[in-house]
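Read off the chains here:
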Amino acid sequence: MAVSEEKANPRNEIGKTNDAELVKRLLIENYGYALDLIYLIRGNHQKVYARKPCPLDVGRNDGWLYFGRIESDGIRLTIEGSFLVGPKATKNVVELDDERARRYLAGESIEVDENLYGWFILKWRSYYLGSAKAKDGRLLNYVPKERRLRAE
Amino acid sequence: MSARDVVKEANPAFYERYSKLEDSDEFWEFLIRPLRQSIRVNTLKAPLEVIVERLKEEFELEPIPWVREGFFINVDNLARVPEHGLGLVFGQEASSMIPPVVLDPKPGELVLDMAAAPGSKTGQIAQYMQNEGCIIANDPNRDRANVLIANLNRMGVLIARVTTRDGASFARFENTFDRVLLDAPCSSVGMIRKSWRFLREWREKAVVKYMNVQKRLILAGYRALKPGGVMVYSTCTIDPLENEEVVDYLLRKTDARLERIDLPVKTSEPVLEWEGKEYSEELKKALRIHPNDNDTEAFFIAKIVKPGDGGE
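Line by line, the protein sequences give chains A and B.
Residue numbers are given in the numbering used here: position 147 of the first sequence equals residue 147, and the series is strictly consecutive.
Residue numbers are given in the numbering used here: position 297 of the second sequence equals residue 297, and the series is strictly consecutive.
Calculated directly from the structure, the hints in this document are not laboratory data.
Treat the hints with care, since some could be wrong.
As the list claims (entries may be wrong) - List of simulated lysine-lysine pairs, BS3-like, C-alpha gap at most 25 Å:
(1) Lys285(B) <-> Lys52(A)
(2) Lys226(B) <-> Lys285(B)
(3) Lys106(B) <-> Lys52(A)
Construct all of the structure, not just a fragment, from the sequences and the given hints.
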């Protein structure tokens, strides 16, 4: 039992599987769509970064887009990652009405169907708000503090 | 106390120098008046019409005449705008949106942004390139480069490479880039409307220091430009030494030519003579924008072309 649980944790595959392969597989499994980008998994927090190729080698450089994070049970997308994947995602997308979207953007966890479990892309109208974990009838909030909506 | 007296009291040397450039009451009034809040809509994340339609439900938008994606907005704090947190709109001063419009980059091109931080123009360039191609976004200061990275991230830019070199080192990439933006470090007179310290701390000595840096950078940027390519030189200041003098220097040192800029923006006359020195008549093609022209920051923009095949 313990062995199969360990196998199911994608974090255990980091470093053993090619980063792009792992990210694309998790995207397909979780959201039904993967973009063809250069992916890199970096740091203790298993953060996923993405970018497109550049024909010019300028030596040491940065500028990766923070795309998401490998979780023990799937892949969570940042707001930016969700804008890239969301429009073509075929599963695990939850649509929010104006009121719940505003509360989520303000930093609240919001109520959702009790039967949902796992990582979902949140959609508000034509916008994407990142991924949230559905658990016990709630969508847990992952909007970074500095990006939250303020009333005043 | 009149605006003129306020400026005179805050920095007499500043007043003395720039009253030789323009001395209307309007100029001094607008120079110290707070800026209007403006935003650029980020089409890398959603279509322009969709974002504008949603914003209009809640805010008043006034289109900025010279940028399709630019709007003045009636909000003091952008944290109250849902689209801001989502990276669908970006706070950007209206005149600072002009250089990328003039640069007019296309999808698939290779673009150099030599002094890119904090990144609003880089993001605008990426938007016009539809996230296809490559932008080398440079800023020699590590802290500023980190802000640049964070902002490009928020805008959803996938095609930037952020470097922290001395901008002049790009001279070694001779004839490489389709387009080059040099939004040069400058004495920031245009930014007085954002922060009073730019008036208090202004010194003529710094103007000369910046001019020397700008001359090094403009030569390097021009060298890195492909024949037929376009380079835009811009500053957010009004001093002729940092504007006409620098572009005139490039025109004298190289085969560079200027191209006329056709945008619905009010401008002041470019300076063709300053402190006994005469500048090329070509400078008439550059845009010199004073704060009172359009109620914006001050700006200077020149569109430079490198003769040869392969460009416009």
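Here's how the hints hold up against the structure:
With a C-alpha separation of about 37 Å, the suggested pairing of Lys285(B) with Lys52(A) is violated against the 25 Å cut-off. For the given pair, Lys226(B) sits about 22 Å from Lys285(B) by alpha-carbon distance, which is consistent with the 25 Å threshold. Between Lys106(B) and Lys52(A), the direct Cα distance comes to roughly 16 Å. Compliance with the 25 Å bound is thereby established for this hinted pair.
Of the numbered hints listed earlier, the single one contradicted by the structure is hint 1.
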